[in-house]
Amino acid sequence: MRVEPFTVGDFVHVFNRGNRKMPIFRDVNDKWRFLKILRFLNDEYLPSHPLREITSLATSLATFDVANLNPLAGRSFEWPKHWPPHKPLVKILSYKLKEDHFHLLLKEITKGGISKFMKRLGDAYTKYFNTKYNEVGKVFQGSYKGKTIREDIKNLHYLDAYIQVFNAFEEYPGSIEKALVEFDDAFEYALNDPFCSLGESFKKRNLAIIDRDILAKDFPNLKIYKKFIKDALLIRNIREILGRLTLD
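Numbering (the numbering used here), first residue to last: -7 to 240.
The hints are simulated quantities; they were obtained by calculation from the structure and are not laboratory data. Incorrect hints may have been included.
To be verified - Cross-link-like lysine-lysine pairs, in silico, DSS-like; alpha carbons within 25 Å at most:
id	residue 1	residue 2
1	124	139
2	90	130
3	108	73
4	79	209
5	196	222
6	23	196
7	218	195
8	83	196
9	195	83
10	103	13
11	103	23
12	111	124
13	23	79
14	108	90
15	196	209
16	195	222
17	13	111
18	90	196
19	13	130
20	83	218
21	170	139
22	124	90
23	23	130
24	222	146
25	103	83
26	103	139
27	218	90
28	83	73
29	111	23
30	111	130
31	111	79
Claimed, not checked - Listed next, with one range per pair, are the computed distances between beta-carbon atoms:
id	residue 1	residue 2	range
32	12	126	12 to 20 Å
33	214	137	26 to 34 Å
34	177	37	37 to 45 Å
35	147	11	26 to 34 Å
36	130	177	35 to 43 Å
All C-beta atoms, glycine included, are put in the ideal place defined by N, C-alpha and C.
Sequences are here, hints too, so could you generate the full structure?
As structure tokens, then:
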């Protein structure tokens, strides 16, 4: 297992993309599976057959639209009663799934927690993907990339915004440039994206994947966070700031 020199308390931007930049998510079921891995394998307890356990926890939500997501997702992502109480390996602050890559903002809360969690995630998703599509070999380009954010809280805010808002804006119909012009509509688009943590951050849905206690102190409600995002977009060197903090 790859072991990173992360210190307990570190915030880390984690990124990985598909092997040869190929899609890692071919349909929405793949994305739901990835979210379930984030939810159920982020724990000190590991079932003997995690893929089998995850598959049996709930049926796919792919046929349901976002408006109907709340009650269904709540049941689908409930912690199994026959498992030990949840003891996470890491704190997941935010996430965004793209067609050929993903972003996570993690906090190291136990020594080696991020390394252990990322190995589980990579192994579990690779096994799922290769089994489903009758393929062999690597799904991801290589080992994940991790960049530690050890500076001030403002940089953590910017990184969170990059992961769960700016990445969603890139998928806004008509390009990110149109998203910046139509900010209110684009923000609502990001809020309703089921594969972006923004909606979960502000209680639009509850998948119990993320822990927002740290960032909730500075952004207690959606209105304050939305203003922060809008102000951040007006910063002249925002792309330079994000370039120092992010991986791509």
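* **Structure versus earlier hints - violations, ascending order** => 1, 10, 11, 21
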